[in-house]
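What follows is the residue order along each chain.
Protein chains: 2
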Amino acid sequence: MNNKVPVAELKSRMDRFRSEMEGANPGWETAIIFGKINLYYFTGTMQDGMLLIRRDSEAVLWVRRSYERAVDESMFSDIRPMKSFRDAVASVSGLSDTVYMETEIVPLALFQRLQKHFPFSRAQSLDRCIASVRSVKSVYELELMRQAGKIHRRVLEDLVPGMLEEGMSEASFATRLFSTMVEEGHYGIARFSMFETEVVLGSVCFGESSIYPTAFDGPGGNYGMSPAVPLLGSRERKLRKGDMVFVDIGCCVDGYNTDKTMTYMFGRPLPSEVISAHNKCVEIQHRAAAMLKPGAIPEHIYGSIMESLDNEFLENFMGFGSRRVKFIGHGVGLHIDEFPVIAEGFLQPLKEGMVFAIEPKKGIKDVGMVGIENTFIVTPDGGESITGDSRGMIPVY
Amino acid sequence: MNNKVPVAELKSRMDRFRSEMEGANPGWETAIIFGKINLYYFTGTMQDGMLLIRRDSEAVLWVRRSYERAVDESMFSDIRPMKSFRDAVASVSGLSDTVYMETEIVPLALFQRLQKHFPFSRAQSLDRCIASVRSVKSVYELELMRQAGKIHRRVLEDLVPGMLEEGMSEASFATRLFSTMVEEGHYGIARFSMFETEVVLGSVCFGESSIYPTAFDGPGGNYGMSPAVPLLGSRERKLRKGDMVFVDIGCCVDGYNTDKTMTYMFGRPLPSEVISAHNKCVEIQHRAAAMLKPGAIPEHIYGSIMESLDNEFLENFMGFGSRRVKFIGHGVGLHIDEFPVIAEGFLQPLKEGMVFAIEPKKGIKDVGMVGIENTFIVTPDGGESITGDSRGMIPVY
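Chains as they are written, first to last, in the UniProt record's numbering: chain L, 1 to 397; chain B, 1 to 397.
The shape of chain L in the complex, shown without the other chains (with noise of 0.2 Å):
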C-alpha cells in the first residue's frame, strides 16, 4: 500500500493542534477526534474508532474496525485494537469533566455511547481549533493539492470541450465527465464538512439547469435526478445548440482536493451581455485572488470586491433570486468547503501555505450561472493559481 502520511507530517500536525489547543482552551485536558476525515489528518488512516488525546500524554488511536487495516497503512506511533469504548477508558486515569469534540460531527447518540464509559459531562467544541490547524497545508499537502490542480485543468480546460455532444443528457456526461476524471488521476470523490452533504461529482449542468433551487449553500443549482437524487444531472435535459454548459466539480489526489468551475458556450455563441457579466465576475476572481496574502483580512476582501458592485450587477451575484450567498470563496483541502471563508466575519489574517477557492458567479435569467472558479495558493505575491488560468466561457462549435 502507497501514499502514508509521512511521520514528520503527522507529528508536525499534532504539535500544531496541541499548540492551538494552548491557546484557544488553556487547561484543556482531553480531546476525542471521531471525524473520519480528521482521523486521516492526524493519523494517515480513517477507520472506525477514535482518536484520544490527552495535554499530558501521547495520543493514542483507538480502533475498533479494521485495527489491521489501520497498523498497515497508517505510520501512527499509538495504535490499540478495541472492542468497546471500555477497554480506552480502562487505559487512562484521571479523566476531566469536559471533553473537547467536534460537536459539529458526532452525533447525540453516540456522545451518549461515550458518556456510558467516560465520566465525562460535558462536551466543548474543537472544531474552529482542527478548522484553524488544518487551513495551513504543509509543502506535503501543497504537493498534492498541485497534482490535482493539473489533472483538475487538464480535464476542465482541455478535454471537456470534445466531450460534449448535442442531445446527450446532464446525467450521460457527468458520468463521462466522472470516468475522464478518474482515467486522469482523480481519486473519484469530492467530500463536504456540511452536515449530510452528499456530492457524488458537483454540478454539471445544462444552461438554466444551473440556476434551479438546490439545498446546497453555494451559487450554483441544478435540477438533479429527481427530488430523491437532487444531484449527479438530469436524464431529461439534453444539451441544445445555444446552451451554455456550466461544470462546479472538485478533483482529488489522495485526499486533497482542489475546486474549479469552468462554462463552454456550446453550439453558437452566447448574447453580449452574458459574455460581458461573465467577463466581469472573471475580472472580480482576479482582483480578489491578487489580494490573497499573508496577513490580508478575509472580511476586508470580501468588503472590498462587494463594494465595488453595482446595483444592478450585485442582482443574482453568487446565486439567483433568493439563493444568493455571502462568501465568494472558502478554504480547500480535504474538504472542499473549509476554514476560512472569503465573507464577513473571517477576521484572523490569512497566512502563506492557505489555499483558497474564489468564485465569483452570477445567475442569468434563461441563460444559467455565469462565472468562474479556481483553486489559489496563498503567497506573498498574491494567490498562485493552481488549478489553470483559463476565462472559462470556452466556445464549442
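Calculated from the structure, these hints are not laboratory results. Treat the hints with caution; some may be incorrect.
Pairs count within a copy or across copies, as identical chains cannot be separated in the list.
What the hints assert, rightly or not - Pairs of lysine to any residue, SDA-like flavour, derived with a Cα cap of 20 Å: (1) 241 with 395; (2) 241 with 103; (3) 116 with 103; (4) 83 with 327; (5) 83 with 217; (6) 83 with 324; (7) 83 with 322; (8) 326 with 84; (9) 238 with 303; (10) 293 with 321.
Given chain L, put chain B in place with the hints provided.
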C-alpha cells in the same frame, strides 16, 4: 419535475409514524426531523430545514433552503420558509421540555443551536420509531424497488461478463460499471445510514482485494484507492486470468435501493473447493430467503442458519479473519442498511412488505470473498427475489 411522492403516500407515512410514537412513547409532544432521507420520506423533498411534528397539530416543514424547490417538488400540505429556528419557534406555543430527535444523525452543535431558540432540555431518540415505520414498504415503494431490482439483475447478471478485460484496473472497471448502471436506469447513488459511511458505488474487487480489511461493517473488503480514499477501486490491482471478481453494489431508483452481490470466474475455472464453498453460500441464501415470511423472527432465522453450519465452514464465514460480522441479512430501502437486521437481538416478527438483502459470504485466502446477495420481499410464500436468480460465480472465459 416528475417523481413526486403522492399525497396519499405522505399521509399514510405520517399516520403510521404517529401511531408508532403513541405505542413507543406515550405522552410524546414534539418530534423534530433533520435527516435528509427522513425528510424525504415524510415530505417528498430533501431540503435544508426541519420537519416539526407536534402531537396535537399538523406537521410543518420549515425550509431554510430551498423553499422554492420544496414547494416545486413536494406535495406535503404545510411548507413554510424560515431564515432561522426563531421563525419556527415563534409559530408554536406550550413547547415541551423533551424533544424527540434523530439522535443517531443530529450532531451536538446542531442540537445546541436548536436549544438557543427552543426551550428543550432533553433529546430522546426517534431513530427506532422511524426505522420501524420505514421498514414496511408500501405498494408504491415496492414498485420502485422492483424497478431497481430489474436494472440490478440486468447489469450484474447479463452485462458485467462482457465488460471484464484482462489488464484493466479495479478503478477503471468501477467507473465503467458506474456509467453502465446509470445508463441502464440507476440514479447514481448508494446511501448508507451508518455514521460517516461514504460509498460511491460499492465494492468492486479483483481476487484477494475483496478480503482486504476495511472500516465498513460488512463481510467484504477492498483495497480502495489509497488510505485517504479507502473505497472505489485500486488503480494498481489489474485483472488477471484466474481471478475471482466480486461485485457488491447498490442500485437506486428514485431513492430506493436494492442490494446485490455477484461473483465471476475470469479466464479459467476456480478450484473445486472454492466453488463448493460458494455453492454452500448460495444454498444458505435460499434457505434464509425461504424463511422470510410474515411472523418469522429475525433472531430465529439467524440462529437456525448459524446452527446448521459446522466449525470449519464458519471460519471466515461473513468476513475474513477477525472481521466477521454478526448478521446474514439486513433491511433495504431508502438506505441500503435498514432496520431490522437478520441477527441476534431482533425479536419483532417480520411483516409483509418488508424487504431484506440476504448475503451469505465466506472469505477464502488468496482467492477472495465467495458467496452471493440478493434483495427479497417478505411474502406468505417466503422471500421473493427482485434482483434475479443467478447462482453467481459466472464463468467469463
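Structure-based check of each hint:
{"no.": "1", "hint": "241 with 395", "in the structure": "within (12 Å within a copy, 46 Å between copies)"}
{"no.": "2", "hint": "241 with 103", "in the structure": "neither (48 Å within a copy, 49 Å between copies)"}
{"no.": "3", "hint": "116 with 103", "in the structure": "both (18 Å within a copy, 15 Å between copies)"}
{"no.": "4", "hint": "83 with 327", "in the structure": "between (44 Å within a copy, 17 Å between copies)"}
{"no.": "5", "hint": "83 with 217", "in the structure": "between (38 Å within a copy, 13 Å between copies)"}
{"no.": "6", "hint": "83 with 324", "in the structure": "between (47 Å within a copy, 13 Å between copies)"}
{"no.": "7", "hint": "83 with 322", "in the structure": "between (49 Å within a copy, 11 Å between copies)"}
{"no.": "8", "hint": "326 with 84", "in the structure": "between (43 Å within a copy, 16 Å between copies)"}
{"no.": "9", "hint": "238 with 303", "in the structure": "neither (39 Å within a copy, 52 Å between copies)"}
{"no.": "10", "hint": "293 with 321", "in the structure": "neither (33 Å within a copy, 52 Å between copies)"}
Checked against the numbered hints above, the structure breaks hints 2, 9 and 10 and satisfies the rest.
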